[in-house]
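K.L.:
Okay, here's what each chain looks like letter by letter:
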Amino acid sequence: MSTLFATVRADDQNLPLFLHVLGAMTLVGGLFTGAAALAFARRDGRWLRLGYWSLLAVSLPGWVLMRIGADWINSEQGWDKLPEDVQPAWLGIGFAAADLGGLVLAASLVVGGVGVYRLRSGKGSGLLRTTLVLSLVLLAAYLVAVWAMAGKPD
Amino acid sequence: MSFDDWMLALHVLSAFLVVAGLVLFWLLVLAVRRAETAESTLALGPLTKLADAAIGVGMGGTIAIGIWLAFSVGGYELWDPWIVAAIVLWLVAGAIGRRTSLAYGAGVRKAQELRAAGRSGPDAELLALNRASSGVVLQALASLVVLLILADMIWKPGA
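These protein sequence lines are chains A and B, in that order. Residues in the first sequence are numbered consecutively from 397, following our numbering. Residues in the second sequence are numbered consecutively from 222, following our numbering.
Incorrect hints may have been included.
Cut-off 25 Å, straight-line C-alpha distance, at most; resulting in silico cross-link-like pairs (DMTMM-like, lysine to aspartate or glutamate) [unchecked claim]:
#: 1; chain 1: A; residue 1: LYS548; chain 2: A; residue 2: ASP467
#: 2; chain 1: A; residue 1: LYS519; chain 2: A; residue 2: ASP476
#: 3; chain 1: B; residue 1: LYS270; chain 2: A; residue 2: ASP440
#: 4; chain 1: A; residue 1: LYS548; chain 2: B; residue 2: GLU298
#: 5; chain 1: A; residue 1: LYS548; chain 2: B; residue 2: ASP226
#: 6; chain 1: A; residue 1: LYS519; chain 2: A; residue 2: ASP408
#: 7; chain 1: B; residue 1: LYS331; chain 2: B; residue 2: ASP373
#: 8; chain 1: A; residue 1: LYS548; chain 2: A; residue 2: ASP440
#: 9; chain 1: A; residue 1: LYS548; chain 2: B; residue 2: ASP225
#: 10; chain 1: B; residue 1: LYS377; chain 2: A; residue 2: ASP440
#: 11; chain 1: B; residue 1: LYS331; chain 2: B; residue 2: ASP344
#: 12; chain 1: B; residue 1: LYS377; chain 2: A; residue 2: ASP467
#: 13; chain 1: A; residue 1: LYS548; chain 2: B; residue 2: ASP373
#: 14; chain 1: B; residue 1: LYS270; chain 2: B; residue 2: GLU260
#: 15; chain 1: B; residue 1: LYS270; chain 2: B; residue 2: GLU334
#: 16; chain 1: B; residue 1: LYS377; chain 2: A; residue 2: GLU480
#: 17; chain 1: B; residue 1: LYS377; chain 2: A; residue 2: ASP481
Calculated directly from the structure, the hints in this document are not laboratory data. It should be emphasised that the depicted structure is a prediction, and the values quoted were computed from it without experimental measurement.
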């Protein structure tokens, strides 16, 4: 791996990798911020909304950018032409985290959206607490994915 | 995974931590603009400490592990142009971050004064300090420099 790390990529792989990493950083930053705000809010409606909007306006675009960059760099490096049984483990971890994580993110946004709607009518914040838990699970999963993508375990 | 692979993973995770702290600071920049009382300003303290901790640990991890990797991984030297550029940009980001803290620290000090004086209502001077454009500009600059560091790490100019 160190040898791979030391090599300079072909120029046409740099932009997709940049977008992939930038998207992943935005995604993780939004999850960290959203979870922090939701945890900090307790029952304060303003902070609950800020936490939810961090997920919607930061994490979601980050996920889209990360996923587009992933497909692009995957294609540029030719990983998509390899049979699945010879693909490296880190690639599988990355795609699993991206796709399953995307589903969980979508679920947390839907649940949180209903929770924000219920806040307006003075109902409880239980659904946003569910969003907080899902955000923390996602954050942990994406940190494992970052470790796998960067360290590339066999 | 070799030891270098672990260090690279920790280096990248540290960079993610820096960005996480920066995004949280952006939320705080937005939130403090509506804080017109001492209580609402000082209530941001715990989240500010969390963002400070994320950036502090992340910045420390990126530079320490980054320099270690430059010595340890074959094919790289500390004086490679892109590594020198990354270190310079890291120093610039740190300096801007300190200026940003000072810019928002004025509002915190004012809020502490108001609380000590027992004034709990809205205060125009406090709101003006919390809305100072210098803090937003510095935060934007810090974010831009971190973006440049990421671009430098990917494109490795001069490598």
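K.L.:
Can you confirm whether the C-alpha distance between LYS519/A and ASP476/A stays at or below 25 Å?
P.N.:
Not satisfied, since the Cα-Cα distance of roughly 48 Å exceeds 25 Å.
K.L.:
With the threshold set at 25 Å, check whether the alpha-carbon distance from LYS270/B to GLU334/B stays at or below it.
P.N.:
holds, 20 Å
K.L.:
Between LYS377/B and GLU480/A, does the CA-CA distance stay at or below 25 Å?
P.N.:
This hinted pair is violated, its Cα atoms lying about 31 Å apart.
K.L.:
Is the straight-line distance between the alpha-carbon of LYS377/B and that of ASP440/A 25 Å or less?
P.N.:
violated, 45 Å
K.L.:
Given the hinted pair LYS377/B and ASP481/A, is their alpha-carbon gap at most 25 Å?
P.N.:
violated, 33 Å
K.L.:
Would you check the hint for LYS331/B and ASP373/B, treating anything up to 25 Å between C-alpha atoms as holding?
P.N.:
The given pair, whose Cα atoms are some 40 Å apart, is violated under the 25 Å limit.
K.L.:
Hey, LYS548/A versus ASP373/B, does the alpha-carbon distance stay inside 25 Å?
P.N.:
holds, 21 Å
K.L.:
Regarding the pair LYS548/A and ASP467/A, is the alpha-carbon distance no greater than 25 Å?
P.N.:
holds, 18 Å
K.L.:
Does ASP225/B sit within 25 Å of LYS548/A, going by the straight-line distance between their CA atoms?
P.N.:
With a Cα-Cα distance of about 11 Å, the restraint between LYS548/A and ASP225/B holds, given a limit of 25 Å.
K.L.:
Within a Cα-Cα threshold of 25 Å, do LYS377/B and ASP467/A meet the stated pairing?
P.N.:
holds, 22 Å
K.L.:
Are LYS519/A and ASP408/A close enough, with their CA atoms no more than 25 Å apart?
P.N.:
violated, 52 Å
K.L.:
Against the 25 Å threshold, does the CA-CA distance of LYS548/A and ASP440/A hold or violate the hint?
P.N.:
Roughly 42 Å separates the two Cα atoms, so the pair is violated.
Violated hints, in rising order: 2, 6, 7, 8, 10, 16, 17; the structure is consistent with all others.
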